Each structure stands twice: as C-alpha cells, then as structure tokens.
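**Q** Next come the chains, spelled out residue by residue.
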Amino acid sequence: MSTITRVDPAVPAGSTGPLEHRRPLGDRAFQILALGAGLLVLVILVLIAVTTSQQAAPWFSAEGWKIFTYNWNPAANQFGALAFIFGTALTALIAIVIAVPLSLGIALLLTEVVPYRWARPIVYVVDLLAVVPSVVWGLWGILVFAPWLQHIYTDIASGVSGIPVLDALFGQPVSGASFFTAGLILAVMITPIVTSLSREVIATVPTIDKEGAYALGATRWEMITGAVWPHSQGGVVGAVLLGLGRAMGETIAAALVIGSSPTITSHLFAPGYNMPAVIANQFGEASGTFRAALMGLGVLLFIFTIIINVIARGIVERNARRKRGA
Amino acid sequence: MAAVTAETRQPDLGEPKGWRRTKNRVMTALMIIAFVLVLIPLGFVLFTVIAKGASVISWQFLTGSPIPPIVLPADVGGMWPAVLGTIEITALATVMAVPLGILGAIYLNEYGGRNWLAALIGFMSDVMTGVPSVVMGLFIFSIWVLHFGFSGLAGAFALACLMLPIVIRSSYEMLRLVPDSLREGSYALGATKARVTATVVLPAAIGGIVSGALLAVARAAGETAPLLFTILTVTTANPNVFSGANTSLPSQIFSNANQPYPGAQDRGWGAALTLIAICFILMIVARLVTARFSRYSR
Numbered sequence: 012m013s014t015i016t017r018v019d020p021a022v023p024a025g026s027t028g029p030l031e032h033r034r035p036l037g038d039r040a041f042q043i044l045a046l047g048a049g050l051l052v053l054v055i056l057v058l059i060a061v062t063t064s065q066q067a068a069p070w071f072s073a074e075g076w077k078i079f080t081y082n083w084n085p086a087a088n089q090f091g092a093l094a095f096i097f098g099t100a101l102t103a104l105i106a107i108v109i110a111v112p113l114s115l116g117i118a119l120l121l122t123e124v125v126p127y128r129w130a131r132p133i134v135y136v137v138d139l140l141a142v143v144p145s146v147v148w149g150l151w152g153i154l155v156f157a158p159w160l161q162h163i164y165t166d167i168a169s170g171v172s173g174i175p176v177l178d179a180l181f182g183q184p185v186s187g188a189s190f191f192t193a194g195l196i197l198a199v200m201i202t203p204i205v206t207s208l209s210r211e212v213i214a215t216v217p218t219i220d221k222e223g224a225y226a227l228g229a230t231r232w233e234m235i236t237g238a239v240w241p242h243s244q245g246g247v248v249g250a251v252l253l254g255l256g257r258a259m260g261e262t263i264a265a266a267l268v269i270g271s272s273p274t275i276t277s278h279l280f281a282p283g284y285n286m287p288a289v290i291a292n293q294f295g296e297a298s299g300t301f302r303a304a305l306m307g308l309g310v311l312l313f314i315f316t317i318i319i320n321v322i323a324r325g326i327v328e329r330n331a332r333r334k335r336g337a
Numbered sequence: 032m033a034a035v036t037a038e039t040r041q042p043d044l045g046e047p048k049g050w051r052r053t054k055n056r057v058m059t060a061l062m063i064i065a066f067v068l069v070l071i072p073l074g075f076v077l078f079t080v081i082a083k084g085a086s087v088i089s090w091q092f093l094t095g096s097p098i099p100p101i102v103l104p105a106d107v108g109g110m111w112p113a114v115l116g117t118i119e120i121t122a123l124a125t126v127m128a129v130p131l132g133i134l135g136a137i138y139l140n141e142y143g144g145r146n147w148l149a150a151l152i153g154f155m156s157d158v159m160t161g162v163p164s165v166v167m168g169l170f171i172f173s174i175w176v177l178h179f180g181f182s183g184l185a186g187a188f189a190l191a192c193l194m195l196p197i198v199i200r201s202s203y204e205m206l207r208l209v210p211d212s213l214r215e216g217s218y219a220l221g222a223t224k225a226r227v228t229a230t231v232v233l234p235a236a237i238g239g240i241v242s243g244a245l246l247a248v249a250r251a252a253g254e255t256a257p258l259l260f261t262i263l264t265v266t267t268a269n270p271n272v273f274s275g276a277n278t279s280l281p282s283q284i285f286s287n288a289n290q291p292y293p294g295a296q297d298r299g300w301g302a303a304l305t306l307i308a309i310c311f312i313l314m315i316v317a318r319l320v321t322a323r324f325s326r327y328s329r
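Just so you know, the sequences run in chain order A and B. Take 12 as the starting number for the first sequence in the working numbering and just add one per residue. Take 32 as the starting number for the second sequence in the working numbering and just add one per residue.
Source of the hints: derived by calculation from the structure; they are not laboratory data. Nothing here was measured: the structure is a model prediction, and the numbers come from that model. Treat the hints with caution; some may be incorrect.
Below, a sample of chain A positions facing chain B; criterion: calculated Cβ distance under 8 Å [stated by the list, open to error]:
| no. | residue |
| --- | --- |
| 1 | L36 |
| 2 | Q42 |
| 3 | L113 |
| 4 | L154 |
| 5 | I219 |
| 6 | D220 |
| 7 | T262 |
| 8 | L267 |
| 9 | Q293 |
| 10 | F294 |
| 11 | T316 |
These stretches of chain B come out as covered by chain A in the derived footprint (C-beta under 8 Å, 3 or more residues) [unchecked claim]:
| no. | stretch |
| --- | --- |
| 12 | 95-104 |
| 13 | 292-303 |
Computed list of chain A residues with no C-beta within reach of chain B, every gap over 10 Å [unchecked claim]:
| no. | residue |
| --- | --- |
| 14 | A48 |
| 15 | L104 |
| 16 | G170 |
| 17 | T215 |
For every residue, glycine included, the Cβ atom is placed at its ideal position computed from N, Cα and C.
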C-alpha cells in the first residue's frame with residue numbers, strides 16, 4: 012500500500028480533488044467499513060421498530076383502541092394495557108422523586124464541596140451502584156428488603172388510617188412487594204447515571220461566574236443557587252429525563268419486587284405491575300394474541316423511552332453546544 | 032471613604048453570620064447526607080450477598096453440573112452450566128460488539144467530522160443506550176429466535192446490541208482526546224487515513240477504549256432481561272454456544288429468586304456472589320487499564 016509515489020506533488024496535501032480518486036483500495040475499504048459500523052446503529056433501531064411491531068400486529072388488530080383499557084385477563088383473551096402503563100409511570104415517578112434530590116446533592120458535593128482527591132473515590136463508590144446487576148438488586152429486594160419494608164409499611168398504614176389524602180396514598184392494603192418498593196430500588200439504580208450526567212453539566216459552569224458570586228460575599232449555597240443553578244438548569248432537566256427513561260425500562264429488579272398484580276390504585280404500598288415486568292414474567296408461557304400483546308407492550312415501551320431519550324439527549328446536546336460556544 | 036475610617040473599621044471578610052450561615056451549613060450537610068443515603072443500600076446489598084453467598088460458594092458449586100431441581104439443597108449439583116453460559120455468551124457478544132463499536136466511533140470521529148450523517152449516528156447511538164434491555168430481548172426474539180430457535184448466539188446478539196452504543200460512546204470520547212498534531216504528523220509522512228487511524232490514533236487511545244469496553248462487558252454480563260427470551264433456561268451445560276438452549280448466571284438468579292425453597296434461595300445467593308465478583312473484577316481491571324495505559328485524559 013505504498014501511496015507516496017502516487018501523490019501528485021502539484022496538489023497540496025489534504026486538498027480535495029484529484030487526490031480523492033487516487034486513494035488506495037484499502038483506505039477506501041476501511042472508510043466504508045467504519046461507515047457501515049456507524050450505520051449499524053440506525054439499522055438496528057429501525058429493525059427493532061419494524062420487527063417488534065410486526066409481531067405485535069395481531070394485538071393491535073384484535074383489540075383496536077381497547078389496548079388502552081383496564082381489562083387484562085389472558086384467560087379470557089382480554090389484553091388492555093392501561094394498568095401496566097399506569098404502573099410504569101408510577102414507579103418511574105417514585106424513582107425520580109427519590110433519585111433526583113440525592114443525585115443533585117451528590118453532584119454538587121463532588122463539584123463544589125469536596126477537594127479533587129476526595130471526589131474520585133466518591134465517584135467510584137457511586138459507580139459501584141451501577142455495576143451491581145439488576146437481577147442482584149431484585150434478589151436482594153425480594154428476599155431481604157421487601158420483608159423488612161413490609162413492617163414499616165404496616166406501621167405507616169396504621170398511622171395514617173383515617174387521614175383523608177394520606178390514607179389513600181399510604182394506607183392499607185400494604186405488601187412488601189409493591190409500587191413503592193420497586194420505585195425505591197429503581198431510584199437506587201438510576202442514581203449513578205443522573206449523578207454523573209448532572210456532574211458533567213455542573214462542571215461546565217464557568218469558574219468566573221462562581222468566583223464572581225463569592226466575591227460579592229455569597230455563601231457557598233448562595234453561589235450554587237445564584238451562579239451554578241441558572242447555568243445548569245437545562246442540562247439537569249436532560250439528566251433527569253434520561254434517568255426517567257432508565258427507570259421506565261429497568262426490567263428485572265422491577266419484575267421481582269413489584270408484586271405482579273395488574274391494578275390501578277392510589278395506594279403506593281399495594282402490589283402492582285409495570286410493562287417491563289409483565290413482559291419478563293409472562294413472555295415465556297405466552298402464545299398467540301397473548302404473546303402479541305406482550306410484544307405490543309414492548310413496542311409501547313420502546314416508543315415511550317425513545318421519545319424521552321430523544322428529548323433528553325436533545326437538551327443535553329444543546330447544552331453542550333452552548334458550553335463550547337458554537 | 033476617608034482613610035481614617037478604613038483604619039478604624041476593618042471590612043468583615045469572615046463567614047456570613049446568622050440565617051445565611053445556617054442555611055449554607057444545612058445545605059452542605061444535606062449533600063453529605065445524600066451520599067450517605069446512597070451508601071446504605073449499596074453496603075446493605077453487598078453485605079447480604081457476601082454473607083449469604085460465601086457459605087454457598089465452593090469449588091463444587093462453581094464447577095458441578097447439572098443445576099438440580101429447585102427443591103434440592105444447594106450442595107447438590109452445581110452452577111457450572113450457568114457459569115459456562117455466562118462466559119461463552121458474554122465473550123461472543125464482546126467479540127461482536129467491541130470491534131464494531133470501535134469502528135463506529137472511528138467513523139464518527141475520523142471520517143464523519145461535522146456532517147449530518149455523523150451527527151445523526153452519534154445522536155441515535157446515545158438514544159440507543161436508553162433502549163430498555165427487555166426490548167432488545169424481544170427484538171432478537173422476533174428477528175432471530177422465531178426463525179432459528181433459542182441459542183447462546185441469540186443471547187449474544189441481544190447483549191451485543193446493548194453493548195454497541197456504549198462502546199461507540201466511550202471509544203468516541205477517547206478518540207476525541209487524541210491531539211490532531213499526531214494525525215497531521217503522520218499525514219505529513221505520506222500515510223493514508225486508514226493507516227494513520229490504525230497505527231497512530233488507535234494505539235494512542237487504546238487504554239481508554241479497552242477500559243470503556245470492559246465496563247460495557249461488565250454491564251452486559253449482568254443483564255438478564257435480554258437473555259430470558261433468547262437462550263431459555265436449561266439445567267445442563269451446553270458448551271455449543273451456536274445452537275441449543277443455554278443458561279446463564281443472571282437467568283438462574285432470576286428463576287431462583289422467587290422460590291420459597293431454601294435450597295433455591297441459597298443457589299440464588301451463590302450465583303449472585305459469583306456474578307458480582309465477575310462484574311467487579313471487570314470493573315477493577317478497567318480502572319487499572321485506565322490508570323496504566325491512558326496517555327491522554329480530560
């Protein structure tokens with residue numbers, strides 16, 4: 012692959028034109044290979060949408076708009092997905108409400124409070140949360156955490172019984188495996204990603220803004236609310252949305268601790284179900300329309316997470332561009 | 032202000048007093064508490080897995096076969112089919128996803144530049160990291176398993192789909208750190224772009240790329256959902272990764288977790304400890320590689 016001899020000395024190196032046509036075959040092949048690998052991402056995403064929708068088609072055609080009703084009874088061939096959509100939204104919401112303050116706290120701690128040599132070990136520890144596999148969280152959740160939580164739930168339920176709103180949220184029936192348990196475990200699982208994304212955003216706040224705030228006599232907290240927050244608001248929203256997407260799609264831990272009962276209720280401590288969990292638990296024994304319905308839940312889940320991720324990445328990317336000043 | 036007053040009244044440069052100071056301290060304390068609150072479940076889960084798993088794990092547990100029925104205690108048979116399955120499926124997925132991911136990153140950084148296609152691919156690859164793992168399982172089920180049946184290969188496809196965008200992202204970040212002067216120096220010597228990329232840019236970034244790939248492998252090794260509908264769950268070892276149903280550590284933990292039998296739960300804890308050990312070792316190796324081989328860092 013000697014190329015030097017072919018270069019026309021009259022054409023400056025790096026210019027387009029005559030040189031383009033003379034690039035050796037190996038060079039072009041490598042470029043095409045790299046392009047192919049990049050295109051693979053788009054191909055896979057399109058294939059996911061096409062093939063899973065195809066498999067789910069019998070569900071859509073059999074049920075029509077009834078897919079968004081509350082009736083889920085495979086034995087009677089009723090496949091309404093509303094309870095699962097509700098469960099997905101509720102558990103993800105619980106997870107976000109718990110995870111976001113924690114993640115922001117840790118991100119601020121890392122960027123604004125502790126010195127650099129302490130930040131590194133803290134990052135390692137938070138990342139460990141992400142290394143523990145989902146199924147291990149689920150195993151621990153169902154065998155250790157849920158039985159322990161059951162006592163706490165029971166105490167809370169008896170404490171709030173009779174109080175109007177609280178009773179509807181935290182009252183009986185209670186179960187160790189419930190919406191709230193799933194939400195708690197999901198919160199722990201999404202904390203590392205929300206933390207690291209918020210940290211990246213917060214790290215882009217110009218030092219001069221922060222020093223300016225300090226020079227005006229601000230305390231650290233006043234500096235955070237006055238200089239850091241206005242600058243990183245958008246990026247943090249993106250990070251939170253990405254966490255929401257993760258919480259919606261997280262499967263195995265939820266499948267083990269959510270209680271496996273398709274219900275729509277205001278009781279957070281009641282057993283429930285969500286979309287990924289029902290797919291994981293029931294796909295094995297499903298066939299016919301039942302399988303198509305579970306496949307359809309997967310399609311809905313795919314659509315929801317793609318929409319959330321596109322919005323979130325858009326926000327994060329716009330933020331990054333602003334940072335570069337382009 | 033006159034010089035006399037400046038002498039007599041020193042400006043107050045100390046920490047603000049009263050409510051402002053209290054608020055600042057409370058907020059700092061809350062940040063530390065947030066970190067401690069996250070430590071508690073981590074410590075709790077690691078402690079439980081080690082305490083319950085260590086008593087189950089033995090040489091026989093790791094290498095014995097087949098996996099016994101759930102009613103039997105944990106000292107019968109062993110987890111070898113699952114250990115073997117996890118190793119072969121993850122390895123196959125790595126072989127598929129890592130080279131493709133690195134090539135994709137090379138396209139994005141070396142060839143794509145600022146054109147719209149590279150921007151779209153980079154964006155969609157980030158979006159793809161958010162596709163739930165269970166959806167990947169359904170995808171491989173409908174595109175592969177329905178036509179060719181359950182196999183370790185199908186599971187490896189699903190894991191590779193999950194790993195691909197992670198590898199692209201981490202490799203891309205590393206390639207971006209390689210200074211342009213290196214590329215320009217090699218072009219000046221007359222090398223082609225492919226040659227510059229393969230012999231100059233990649234070696235310069237290899238530490239970070241390997242470490243990112245190892246983290247992706249660690250994540251894939253612990254995934255359960257994509258394997259449930261692609262490899263099935265069997266109880267005997269299947270060394271042929273390309274055909275026939277297989278099993279893996281995560282699948283075994285999942286199927287044992289909900290069982291009331293102590294033997295099944297013990298097997299679950301033992302498998303969990305094995306899996307966590309594999310993931311942690313991969314992560315530690317990744318950190319060592321980063322520390323030892325990264326030439327350029329942020």
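**Q** Work down the list of hints and note, for each, if the structure agrees.
**A** Comparing the hints with the structure gives:
1. Given the 8 Å rule on beta carbons, the hint for L36 (chain A) is violated: about 10 Å separates it from the nearest Cβ of chain B.
2. Interface restraint check for Q42 (chain A): the shortest CB-CB distance to chain B comes to about 6 Å, inside 8 Å, so the restraint holds.
3. At a threshold of 8 Å, the smallest CB-CB gap from L113 (chain A) to chain B is about 5 Å, leaving the interface hint in force.
4. Restraint check, L154 (chain A) versus chain B: the minimum CB separation of about 6 Å is within 8 Å; hint holds.
5. Because the smallest distance between the Cβ of I219 (chain A) and any Cβ of chain B comes to about 20 Å, over 8 Å, the interface hint for this residue is violated.
6. About 18 Å separates the beta-carbon of D220 (chain A) from the nearest beta-carbon of chain B, more than 8 Å, and the hint is not met.
7. Taken as an interface hint, T262 (chain A) checks out: its beta carbon lies about 4 Å from the nearest beta carbon of chain B, inside 8 Å.
8. Hint on L267 (chain A) holds. Least Cβ distance to chain B is approximately 5 Å, under the 8 Å limit.
9. With its C-beta approaching chain B no nearer than about 11 Å, Q293 (chain A) sits outside the 8 Å limit, and its interface hint is violated.
10. With its C-beta approaching chain B no nearer than about 5 Å, F294 (chain A) sits inside the 8 Å limit, and its interface hint holds.
11. Hint status for T316 (chain A) relative to chain B: holds, with the closest Cβ pair at about 6 Å, below 8 Å.
12. Restraint check on the stretch 95-104 of chain B versus chain A: 0 residues with Cβ-Cβ distances below 8 Å, three needed, restraint violated.
13. A stretch counts as covered by a chain when three or more of its residues have a beta carbon under 8 Å from one of that chain; for the stretch 292-303 of chain B and chain A the count is 4, and the coverage holds.
14. The Cβ of A48 (chain A) sits about 4 Å from the closest Cβ of chain B, inside the 10 Å cut-off, so the non-interface label is violated.
15. Every Cβ of chain B is farther than 10 Å from the Cβ of L104 (chain A); the closest lies at roughly 17 Å, confirming the non-interface assignment.
16. Separation of G170 (chain A) from chain B is adequate, the least Cβ-Cβ distance of about 22 Å exceeding the 10 Å criterion.
17. No beta-carbon of chain B is positioned within 10 Å of the beta-carbon of T215 (chain A); the least distance is around 12 Å.
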